[in-house]
Amino acid sequence: MGLAERRSAERFKNEDYPGWKARIDEAAGFDVPIEVAWDELAVADYADSYAEYFPAVYFQPLADSFGAIGADAMGKDALREGVSKVIVRNTGEYFSPSGITFVDGVLTFDHMSESNTHHVEERTKALQTLLENGL
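For what it's worth, the numbering used here labels the leading residue of the sequence shown as 6, then goes sequentially.
Please note that a few of the clues may not be correct.
Label pairs and their in silico Cβ distance ranges [to be verified]:
hint	residue 1	residue 2	range
1	Gly97	Glu127	14 to 24 Å
2	Ile92	Asn138	10 to 20 Å
3	Gly7	Ala76	17 to 27 Å
Calculated cross-link-like contacts (lysine-lysine; reagent style DSS-like; alpha-carbon spacing at most 25 Å) [what the hints assert, rightly or not]:
hint	residue 1	residue 2
4	Lys81	Lys130
5	Lys130	Lys90
6	Lys81	Lys26
7	Lys26	Lys90
8	Lys26	Lys130
9	Lys90	Lys18
By construction, these hints were calculated from the structure, which means they are not laboratory data. C-beta atoms are modelled at their ideal positions from N, C-alpha and C, and glycine is treated no differently.
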């Protein structure tokens, strides 16, 4: 990761991410522990696109799926009791929802940050289905 990527990732982390984190927490009804592997998300040659790609790939689907599940008290309770942590990462192995897992309360969202960015609804539905089946 070069300087441009580090700067862009740091800018997103400090300026954009807090708003996304607040949306996710509001949708879930609690302060969701989220670990983001920023160094993995920041891929070469896409620094100018992080502000668009990171939300589309990771944070909008999380907020939307948590919002759909947490639309009522039962859903919010299930999320609060069932989700102990969310890990957002990019191992470079997954460009589809197949990299999303929910095991022992840990939701791991592993997806290439520059791939299939426009498939927001597909990732949202996969997250929602996976969580609803596991909660």
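Hint check:
Checked against the given bound of 14 to 24 Å, the beta carbons of Gly97 and Glu127, roughly 19 Å apart, stay inside it. Range check, Ile92 to Asn138: Cβ separation about 19 Å, and the 10 to 20 Å hint holds. For Gly7 and Ala76, the Cβ-Cβ distance of about 42 Å falls outside the hinted range of 17 to 27 Å, so the restraint is violated. Our distance criterion of 25 Å between C-alpha atoms is met by Lys81 and Lys130, whose separation comes to about 17 Å.
Distance hint between Lys130 and Lys90 is fulfilled; the C-alpha atoms sit about 19 Å from each other, no more than 25 Å. For the proposed pair Lys81 and Lys26, the alpha carbon gap of about 16 Å is at most 25 Å, so the pair holds. Annotation: proposed proximity of Lys26 to Lys90 holds, straight-line Cα distance about 13 Å (limit 25 Å). Taking the CA atoms of Lys26 and Lys130, the gap is about 19 Å. The hint holds against a cut of 25 Å.
Of the pairs offered as hints, the one joining Lys90 and Lys18 holds, with about 18 Å between alpha carbons and a cut-off of 25 Å not exceeded.
Checked against the numbered hints above, the structure violates only hint 3.
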